[in-house]
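Student: The primary structure of each chain is shown beneath.
There are 2 protein chains.
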Amino acid sequence: MTQLKEIGVAVLGFGTVGAGVVETLQKNGELLAERLGLRLVLRGVADLDLDTDRGVAVDRALLTNDAKSLIERDDVDVVAELIGGTGAARDLILQALKLGKPVVTANKKLLAEHGREIHTVAEENGTELLYEASVGGGIPIVKALREGLAANRIESLYGILNGTCNYILTRMEEEHLPFDEVLSAAQAAGYAEAEPSLDIDGHDTAHKAAVLASLAYGCIVPLDKVQVSGIRGMAAADIAYAAEMGYRIKLLAIIRGGADGVEVSVQPTLVEHRHPLATVSGVYNAVLVHGDIVGTTLYYGRGAGRAATASAVVADLADAALNLRAGGRRRDLSGVHARTPVVFREPGGIVARHYVRFSMKDQPGTLAKVAAVLGAHGIGIDSVMQQEAPADAEYVPVIFVTGKAAERALADALKEIEALDGVIDRAPVRYRIEDSD
Amino acid sequence: MTQLKEIGVAVLGFGTVGAGVVETLQKNGELLAERLGLRLVLRGVADLDLDTDRGVAVDRALLTNDAKSLIERDDVDVVAELIGGTGAARDLILQALKLGKPVVTANKKLLAEHGREIHTVAEENGTELLYEASVGGGIPIVKALREGLAANRIESLYGILNGTCNYILTRMEEEHLPFDEVLSAAQAAGYAEAEPSLDIDGHDTAHKAAVLASLAYGCIVPLDKVQVSGIRGMAAADIAYAAEMGYRIKLLAIIRGGADGVEVSVQPTLVEHRHPLATVSGVYNAVLVHGDIVGTTLYYGRGAGRAATASAVVADLADAALNLRAGGRRRDLSGVHARTPVVFREPGGIVARHYVRFSMKDQPGTLAKVAAVLGAHGIGIDSVMQQEAPADAEYVPVIFVTGKAAERALADALKEIEALDGVIDRAPVRYRIEDSD
Chain V
107 MTQLKEIGVA
117 VLGFGTVGAG
127 VVETLQKNGE
137 LLAERLGLRL
147 VLRGVADLDL
157 DTDRGVAVDR
167 ALLTNDAKSL
177 IERDDVDVVA
187 ELIGGTGAAR
197 DLILQALKLG
207 KPVVTANKKL
217 LAEHGREIHT
227 VAEENGTELL
237 YEASVGGGIP
247 IVKALREGLA
257 ANRIESLYGI
267 LNGTCNYILT
277 RMEEEHLPFD
287 EVLSAAQAAG
297 YAEAEPSLDI
307 DGHDTAHKAA
317 VLASLAYGCI
327 VPLDKVQVSG
337 IRGMAAADIA
347 YAAEMGYRIK
357 LLAIIRGGAD
367 GVEVSVQPTL
377 VEHRHPLATV
387 SGVYNAVLVH
397 GDIVGTTLYY
407 GRGAGRAATA
417 SAVVADLADA
427 ALNLRAGGRR
437 RDLSGVHART
447 PVVFREPGGI
457 VARHYVRFSM
467 KDQPGTLAKV
477 AAVLGAHGIG
487 IDSVMQQEAP
497 ADAEYVPVIF
507 VTGKAAERAL
517 ADALKEIEAL
527 DGVIDRAPVR
537 YRIEDSD
Chain L
107 MTQLKEIGVA
117 VLGFGTVGAG
127 VVETLQKNGE
137 LLAERLGLRL
147 VLRGVADLDL
157 DTDRGVAVDR
167 ALLTNDAKSL
177 IERDDVDVVA
187 ELIGGTGAAR
197 DLILQALKLG
207 KPVVTANKKL
217 LAEHGREIHT
227 VAEENGTELL
237 YEASVGGGIP
247 IVKALREGLA
257 ANRIESLYGI
267 LNGTCNYILT
277 RMEEEHLPFD
287 EVLSAAQAAG
297 YAEAEPSLDI
307 DGHDTAHKAA
317 VLASLAYGCI
327 VPLDKVQVSG
337 IRGMAAADIA
347 YAAEMGYRIK
357 LLAIIRGGAD
367 GVEVSVQPTL
377 VEHRHPLATV
387 SGVYNAVLVH
397 GDIVGTTLYY
407 GRGAGRAATA
417 SAVVADLADA
427 ALNLRAGGRR
437 RDLSGVHART
447 PVVFREPGGI
457 VARHYVRFSM
467 KDQPGTLAKV
477 AAVLGAHGIG
487 IDSVMQQEAP
497 ADAEYVPVIF
507 VTGKAAERAL
517 ADALKEIEAL
527 DGVIDRAPVR
537 YRIEDSD
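In order, the protein sequences belong to chains V and L. For the first sequence, our numbering begins at 107 and goes up steadily by one. For the second sequence, our numbering begins at 107 and goes up steadily by one.
Mixed in with the good hints there might be a few duds.
Which copy is meant is left open, so a pair is good if it fits within one copy or across any two.
Said to hold, decoys possible - The list that follows gives simulated cross-link-like pairs (lysine-lysine, DSBU-like), each with its CA atoms no further than 35 Å apart:
1) K174 with K204
2) K133 with K331
3) K475 with K510
4) K204 with K133
5) K510 with K133
6) K111 with K204
7) K510 with K467
8) K204 with K331
9) K467 with K521
10) K133 with K174
11) K111 with K133
12) K111 with K174
No lab work stands behind these hints, which were simulated from the structure alone.
Could you put together the complete structure from these sequences and hints?
Tutor: Next comes the structure, spelled out in structure tokens:
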């Protein structure tokens with residue numbers, strides 16, 4: 107084989123993903139060299155902990171505690187940041203970019219919180235930032251949005267982006283189990299963190315939604331413009347009622363662009379069984395994209411895990427290497443710096459049907475009172491389902507499916523209903539319904 | 107807005123797709139310029155017929171009969187070939203490549219039949235060929251295979267790649283209609299050609315399968331190594347029997363790589379209802395890709411049509427433009443020239459379970475005779491389903507689901523069964539079963 111050009115790679119962070127990247131380069135390095143016509147060569151792996159067994163054999167000489175010096179080496183052309191978080195990761199990314207070295211990262215939190223700074227430094231230094239692994243694990247969704255669908259105005263994006271939440275919701279539905287029990291099982295199985303808030307409260311999904319929205323609309327998305335609610339404490343009953351009505355509940359990131367701006371939200375959402383996202387089960391992720399030219403497209407795969415994430419990181423390393431060989435970065439970063447400023451709609455403006463469950467006093471007239479308040483706020487009622495309750499229960503569950511209404515109007519109506527005397531005994535549960543149209 | 111670099115585009119062929127490309131450049135040209143930091147400028151549209159209304163307003167001065175001169179113009183940087191076929195299209199592509207101009211094409215037939223020649227000329231002239239639109243319409247599956255999944259050894263690919271066939275099969279199943287009636291309706295609705303052979307006999311799917319296999323395995327795939335059977339004349343009864351057993355019948359391209367080579371085939375295949383491809387309905391396409399690192403990924407969208415195809419063509423134009431700005435092509439063409447030669451398994455080697463329907467003499471002992479022949483060829487039987495027939499029928503339909511067996515072995519066994527005296531009255535129907543595992 108002829109001598110191929112070598113591109114030196116530094117891996118920062120020797121945790122799960124870092125080890126997966128090293129393993130992938132070892133396993134498929136030859137194949138990659140064939141495909142690319144150049145060779146990705148691992149120059150070093152930096153981590154504070156060099157003793158833990160990562161399940162991959164690496165020459166000790168490649169391991170270092172000193173990430174800064176590794177980045178500076180002349181034979182390091184590309185840097186993969188796989189440390190996570192917004193501390194050392196940010197410093198090291200900025201260091202590499204200032205040296206004009208392209209950076210590959212899986213760090214959605216950093217992108218969501220410090221995207222503007224990092225993109226700006228990349229641009230100022232004529233280099234690039236690649237982040238396929240930050241959303242959807244091994245699914246090449248960033249590339250699809252950035253390149254494959256470049257000809258399209260993105261009308262909307264619907265994503266199941268957090269495997270932990272989807273695993274919990276899938277098991278709750280399939281096995282009729284309560285939230286706490288499934289969360290504990292997921293923690294035991296390693297599908298959920300001991301401190302699960304980032305996942306189950308929707309923040310991880312929000313970070314990913316911000317990344318996708320920035321790609322779709324060419325802008326930095328301020329996290330405070332993202333409306334977030336998670337799945338913590340979801341009642342098994344709501345999953346069962348939704349199923350009876352022909353719906354599954356999924357934690358969806360929903361991004362919609364329109365004449366009056368872009369709206370980004372993360373919330374548990376009812377989708378019909380025939381909806382393309384309804385059948386995405388367990389730890390899988392999927393993104394449904396509506397483009398004005400292409401129509402509907404869908405991307406599906408494992409959303410996390412050592413190997414799937416490594417697949418995305420190595421694809422980005424390959425892209426960076428090809429761009430270096432071609433004489434520089436290929437895209438300028440206008441992809442995330444729209445020339446026309448993007449307006450974010452205030453949360454609450456999304457118009458949708460809703461599932462609302464009240465715990466309602468079991469006596470004549472209460473239903474009429476609730477319906478009257480909804481009506482006064484312009485919210486129609488598509489259906490009402492009253493559940494049977496024990497004979498002596500004072501309050502019974504009643505489920506309303508509303509007509510299309512702005513979330514803000516519904517929130518106002520529900521507040522008013524809560525204030526009614528002796529009608530309901532606790533805050534109603536409400537979820538958006540995403541119709542397939 | 108600052109003056110952006112302009113990339114001149116020539117569109118060859120002003121048919122459905124050509125008009126879609128012109129329309130997309132008009133509609134989203136400004137957005138593209140923002141995203142790319144350069145401007146795609148239409149320099150001309152060549153077609154022999156300049157009078158037919160294409161539903162898109164184009165300056166007459168841009169229209170020409172003279173494709174050759176258009177390609178030669180100094181201000182034409184990229185050429186989109188949307189003529190189709192293997193005559194003028196081939197000549198014009200070669201002309202452009204020899205001038206060092208990148209070519210974007212949607213022409214799977216040309217790629218499948220003349221891929222080696224065209225790739226070689228592109229390589230010799232230091233330019234590139236982009237063909238996202240050749241497979242899966244607007245789904246960025248070529249980019250996913252070529253770039254997004256670059257780190258993966260591709261284990262297998264399963265594709266629904268022909269919208270016409272999928273539309274026919276979907277309607278046959280959902281409305282219990284016979285093949286001929288649905289084909290006529292599809293022709294009337296413009297979903298099938300007056301001469302439907304390219305679609306319904308599987309050739310179009312085979313061309314696309316060859317393109318996907320070439321991307322996955324870095325080689326040119328000779329069409330005579332692709333086993334092809336289509337859906338012409340499929341019996342409504344088989345679709346109904348399959349449904350009873352929990353399967354749908356889809357025309358699948360199946361590409362599998364293994365230690366002993368690569369196998370490419372196109373055939374009607376039974377997939378379980380829960381299989382990810384089972385729910386792909388109507389004119390939609392989908393590709394399921396198994397990579398050794400990423401695991402399972404799926405790509406779904408409209409497989410054909412003016413707009414979806416235009417989305418892919420314009421994405422390729424954008425890529426070519428970015429590569430030109432970066433100083434040249436970005437990938438060498440090793441992506442389709444594997445350094446290790448690829449062996450193609452002879453058709454018939456794929457091991458699978460099968461659905462086989464016999465029209466079997468309704469008398470004791472015939473079932474045993476058929477089972478004995480299968481057994482003698484090492485083919486197990488997973489289940490047998492005998493259908494009720496009119497009381498006076500001499501032959502009744504009997505369906506076998508075989509155990510896993512090589513297709514070759516099954517073909518031999520069936521030939522032997524056909525030769526049995528008075529056991530079956532016509533050639534058995536057989537389809538592969540693709541289990542979800």
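Student: Taking the hints in turn, state whether each one holds.
Tutor: So, going through the hints one by one against the coordinates:
Taking identical chains as interchangeable, the C-alpha atoms of K174 and K204 lie at most 35 Å apart only when both belong to the same chain, with a minimum of 12 Å there against 47 Å between chains. Proximity of K133 to K331 under the C-alpha cut-off of 35 Å is restricted to the inter-copy arrangement: shortest distance 29 Å between copies versus 42 Å within a copy. Proximity of K475 and K510 under a CA criterion of 35 Å is satisfied intra-copy only: 20 Å inside one chain copy versus 64 Å between copies. For the identical chains of this complex, K204 and K133 are intra-copy neighbours only, at 31 Å inside a copy versus 38 Å across copies, given an alpha-carbon limit of 35 Å.
In the homo-oligomer, the alpha carbons of K510 and K133 lie at most 35 Å apart only across protomers (31 Å), although the nearest pairing inside one protomer, at 52 Å, exceeds that limit. With identical chains, the CA atoms of K111 and K204 are at most 35 Å apart both within one copy (24 Å) and between copies (26 Å). Within a single copy, K510 and K467 get their C-alpha atoms as close as 26 Å, which meets the 35 Å cut-off; across copies the closest is 60 Å, which misses it. Proximity of K204 and K331 under a CA criterion of 35 Å is satisfied intra-copy only: 30 Å inside one chain copy versus 52 Å between copies.
For a Cα distance limit of 35 Å, the shortest separation of K467 from K521 inside one copy, 17 Å, qualifies, whereas the shortest one across copies, 73 Å, does not. With identical chains, the CA atoms of K133 and K174 are at most 35 Å apart within one copy only, with a shortest distance of 27 Å there and 47 Å across copies. In this assembly of identical chains, the alpha carbons of K111 and K133 lie at most 35 Å apart only when taken from the same copy (19 Å versus 41 Å across copies). Only within a single protomer do K111 and K174 lie at most 35 Å apart by alpha-carbon distance; the minimum there is 25 Å, versus 37 Å between protomers.
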